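Participant: All chains should be built: construct the whole structure from the sequences, respecting the hints.
Residue strings, one per chain:
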Amino acid sequence: MRDVAIVAFAQTAHRRRTDELSEVELLMPVLHEVLGATGLRANEIGFTCSGSADYFAGRAFSFTMALDGVGAHPPISESHVEMDGAWALYEAWVKIQTGEADTALVYSYGKSSPGRVRDVLTRQLDPYYLAPLWPDSVALAALQAQALIDAGATDEPALAEVAARNRTAAVGNPHAQLTGDVPAGDYLVRPLRTGDCPPIGDGAAAVVLAAGDTARALCARPAWIRGIDHRIEAHGLGVRDLTDSPSARLAAQRAGAFERPVDTAELHAPFTSQEVVLRKALGLGDDVRVNPSGGALAANPVMAAGLIRLGEAAARIHRGESDRALAHATSGPCLQQNLVAVLEGESTHA
Amino acid sequence: MSDILSAPLVVEFPFTRSLGPVQSAFLTGLRERTVLGVRTEGGTVLVPPVEYDPVTANEISDLVEVAPTGTVTTWAWNPDPRRDQPLGTPFAWVLVRLDGAGTALLHALDAPGPDTVRTGMRVRIRWAATRTGAITDIACFEPCDGEPVSTEPAPHTGEFADPVTGIVAPARLDYVHTPGRAQSAYLTALEGHRTVGERCPACRKVYVPPRGVCPTCGVATAEQVEVGPRGTVTTFCIVNIKAKNLDIKVPYVYAHIALDGADLALHGRIAGIPYDQVRMGLRVEPVWTEDARHPDHYRPTGEPDADYDTYKELV
Ligand SMILES: [Zn+2]
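If you're matching them up, the sequences are chains A and B in order.
Note that the first sequence ends on residue 371 in the working numbering; no numbers are left out.
Note that the second sequence ends on residue 311 in the working numbering; no numbers are left out.
Hint data in this document are derived by calculation from the structure and do not stem from the laboratory.
Note that the structure is predicted; figures quoted are calculated from it, not measured.
Errors might be hidden in some of the hints.
[Unchecked claim] Simulated restraints on C-beta separations: (1) A:D284 x B:P197: 41 to 47 angstroms; (2) A:D202 x B:L242: 55 to 61 angstroms; (3) A:E103 x B:H173: 15 to 21 angstroms; (4) B:G116 x A:D207: 47 to 53 angstroms; (5) B:C233 x A:V115: 36 to 42 angstroms; (6) A:E103 x B:L242: 40 to 46 angstroms; (7) A:A179 x B:G188: 57 to 63 angstroms.
[Stated by the list, open to error] According to the in silico footprint, chain A covers these stretches of chain B (three or more CB under 8 angstroms from chain A): (8) 79 to 89; (9) 103 to 117; (10) 168 to 174; (11) 191 to 202; (12) 205 to 216; (13) 259 to 270.
A virtual CB, placed ideally from N, CA and C, is assigned to each residue, including glycine.
Facilitator: Structure follows, in structure tokens:
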């Protein structure tokens, strides 16, 4: 296996709407920022991979427009996943492992503002038994929350504390959309209140990956990807135990997360109840700093929020604030798909 | 921000899907008020059924009939139903394990309020008056009394007269599209019958229509440049098949046109000249119709043809 690290991370200020910006206009500043941080020029990048979903813009092949922002002419080695950018990062990591590239630019973006994100996300469900009923993303998360409450794993005050802790942490995050003292609010779908749900917004993020000595040359303290894995569960919600996340646990195990304790975890838990599930599945104790960025409860640009978890975890290692961090991304309803990466700063591995 | 355009955008599609044998039996069964599940190799009865075992991934097709009554395994109260959801009045989303089944089915529960719903409550199917072989043949669940039916689910052949072999699942999503700064400026200029592009600060090329970025340099463009109105045909094709709802006689010519001052060709229809006389290098100008948002077509200017060297980079 090659040593591969995240060497730079950038994200937009996430906002409720960005009407004045097309997708590529939203994305370009973060592309320039990550390239600027490494000193790499666009034509020096070995592989480019992006994550986004056309359903948010309501236009087919919208990602090809965004590709203009990386300077895709003359032709570059490029790929796209119709998923969160965390999975684009996984593809880029594989590409570097194969030896076909030494550096990779990974970016993702999501503009939720043009449509109704709760409705849009119903289109990712099983089209025979689920999608015709239009169960929105909040409704599905609420079913999971109630299952947790019934199981005695949490209650509404505990969920409110999750929300408060994340959004208080986000006060220190200049990119966050929703920070500080946010009211619990009314039930959106009971037992979830508005405060248990992520803000709806637009945003983009980008990271640069590099292998071995290239990473050392580009970054003072690279965030080495010691392990990365992603797993999926059955799509039928009624087949799964919604109070657990065996796929997150397995991904974490395969990524090596349980071999040594982590000091930080960036969890992609858009709903408070999902943090409860993930903490248990990943065995995170109170000594682990969970979501110092504020997590997805503070900013949830869909399709970028998972990549941002990897970027935030890496940035803490870059700054020397973490030595070993777990980064998690999710996709699909009720934590159906989970990706876990373990990132380390060099000194702890010596 | 007032110079940023926006417009409603509706995306509608009738998803037309074929069914495999198990899904066909299940959905046909719903039409006939019969709920079928499928037994896995491990003995669990999956309702709704799938064709592959979620544990072993082996094909499964051992159908059984389960009861139309069941138990709520989890629920969520929906105070504000959204368009196309099963009920228009406040309802509970429920996962229901039908008697005889080992897994739960997602649907809606018609109940007076959240205080009347709990995990473990007994419910039964309320059938839709008109059933077509779709999950919506279950109108919703409703509360009922009675203990779970404990008998083994009976084997079922899955055979029905006139089986449902496909579904059409209509979908509609509503958006408000905003094209961003660069395209808004382009569209606004078109209203005045002007075409504006943007110049790349790095390579100095002028892109039209502008997208706010140079695809070669990957940098933002901002300097507006008026191009045209005249231009040169760089390449073209002859269209022989009439498009639906398009009131243009075939054959006609569709061309790439490099407007004067632009470094990217845009496309348009060529008219005012027999289709078989259109050629590369032909000089053309836009023809606008009343209230149009873009040129209706381009016609020859009568100028001599452009020299190939002047547009070869744009072909
Ligand atoms: Zn340029």
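Participant: With reference to the structure, classify each hint as holding or not holding.
Facilitator: Hint by hint, here is what the structure shows:
1. A:D284 x B:P197: 41 to 47 angstroms: holds, 44 angstroms
2. A:D202 x B:L242: 55 to 61 angstroms: Since A:D202 and B:L242 have Cβ atoms about 57 angstroms apart, the given range 55 to 61 angstroms holds.
3. A:E103 x B:H173: 15 to 21 angstroms: holds, 20 angstroms
4. B:G116 x A:D207: 47 to 53 angstroms: violated, 26 angstroms
5. B:C233 x A:V115: 36 to 42 angstroms: Given a distance of about 40 angstroms, which is inside 36 to 42 angstroms, the answer is holds.
6. A:E103 x B:L242: 40 to 46 angstroms: Violated, at about 31 angstroms.
7. A:A179 x B:G188: 57 to 63 angstroms: holds, 60 angstroms
8. 79 to 89: holds (count 5)
9. 103 to 117: holds (count 4)
10. 168 to 174: Coverage by chain A holds here, the residue count being 6 at a Cβ distance below 8 angstroms.
11. 191 to 202: This one is violated; 0 residues, fewer than the three required, reach chain A with a Cβ under 8 angstroms.
12. 205 to 216: holds (count 10)
13. 259 to 270: It is violated, with 0 qualifying residues against the three required.
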